[in-house]
Amino acid sequence: MSAAVTTHESEAAEAHEQRAFGFWLYLMGDAVIFALLFATYVIMVDNTAGGPAGKALFSLPNAAIETALLLVSSTTFGFASLSSKTGNRGAVLAWLLLTFVLGAGFVFLELREFAGLIKAGAGPDRSGFLSAFFTLVGTHGLHVSVGLTWILIMSGQVMLKGLSVPVTSRLFRLGLFWHFLDIAWVGIFSIVYLPGLL
Amino acid sequence: MEHPTAGHANSGHGLRSYLIGFVLAVILTAIPFYVVITHALPPQSTMVVIGVTAILQILVHLRFFLHLNFTSTPKENLLAIVFAAVLIFIMVGGSFWIMFDLHTRMAV
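Protein sequences appear in the order of chains L and W. With positions in the first sequence counted from 1, the corresponding number in the numbering used here is that position plus 320. With positions in the second sequence counted from 1, the corresponding number in the numbering used here is that position plus 801.
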């Protein structure tokens, strides 16, 4: 019986490793997509077609708060992962909830920025620069929104199914996704906002 | 393959890892923001500071949040990230080469 359990456990471990690797390959593909959107942005940044440039449009405090929200949320997700290892269901849920709130705050600030730009006549149709800006930053924001949905789904699973092996395995992949989005954001504030406001 | 959470259940990846990562990330974010806000350096040096701190911060995230390292991370995962880096280098570098060359030629 114990031999059967061991086999079962090692099968589950192998399934986890394979899925983690598959998800890692997806993330690498996503990294290539972001890299090309960054390249497009850098090439288009001066093509303002007589419209406003980044300096007149971007807000440094807004970018700083967005950066802080994502960085703290990445850390709180780390705490959720740690709690899942010790099997503390309540703590996992609390950290996931906090991560969700921080991520939602980020998306709110981004949507508010987009709405303000469009209202000021600086929408994605204004110039090549703004098309590239909305595509790059919007793709990241879309990823964060998908991540938020995924956090809600995983919170539901933790609540209903508990910290079973498949649920913990999914939480791990969600963690990879969430930390990856923070890395993409480091690229955005370093290539879009800071040089734009220089 | 026999440890269920190999690569992320390691005791070295505990609370300390996330806290170190967080503090380093805060420092590496504060530096470029500070330089841009205060205009402490000429534009070209500021760009260098932004670039260097961004690369360092990405490495910090990979090491302390994604727990990438040369001992517990499976070899195929490292291979995948190196492959992605090569692809990115070729495609981004190639795009810049073509577009900036074109720009220079058209601007004459």
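Worth flagging that the hints you see were computed from the coordinates, not collected in a lab. Heads up, the beta-carbon is just placed ideally off N, CA and C, and yes, glycines get one too. A few of these clues could be false.
Selected chain W positions facing chain L (Cβ under 7 Å, derived; list incomplete) [unchecked claim]:
| id | residue |
| --- | --- |
| 1 | F823 |
| 2 | A826 |
| 3 | A831 |
| 4 | T847 |
| 5 | I851 |
| 6 | A855 |
| 7 | Q858 |
| 8 | I859 |
| 9 | L888 |
| 10 | I889 |
| 11 | V893 |
Against the structure, the hints:
1. This hint holds: W:F823 has a C-beta 5 Å from the nearest C-beta of chain L, less than the 7 Å allowed.
2. Below 7 Å, beta-carbon pairs count as interface contacts, and W:A826 has one with chain L at about 6 Å; its hint therefore holds.
3. This hint is violated: W:A831 has a C-beta 9 Å from the nearest C-beta of chain L, more than the 7 Å allowed.
4. Residue-level restraint check for W:T847 holds (minimum Cβ-Cβ distance to chain L is 6 Å; threshold 7 Å).
5. Because the beta carbon of W:I851 sits about 5 Å from the nearest beta carbon in chain L, less than 7 Å, this interface hint is met.
6. With its C-beta approaching chain L no nearer than about 4 Å, W:A855 sits inside the 7 Å limit, and its interface hint holds.
7. Here the hint on W:Q858 is kept, as its CB sits about 5 Å from the closest CB of chain L, short of 7 Å.
8. Taking 7 Å as the C-beta cut-off, the interface hint given for W:I859 holds, the closest approach to chain L being about 6 Å.
9. The beta carbon of W:L888 is positioned within 7 Å of a beta carbon in chain L (closest approach about 6 Å), and the interface hint is therefore held.
10. Residue-level restraint check for W:I889 holds (minimum Cβ-Cβ distance to chain L is 4 Å; threshold 7 Å).
11. Interface hint status for W:V893: upheld, as the beta-carbon distance to the closest one in chain L is roughly 4 Å, under 7 Å.
This entry does not satisfy hint 3, going by the numbered hints stated previously; all others are met.
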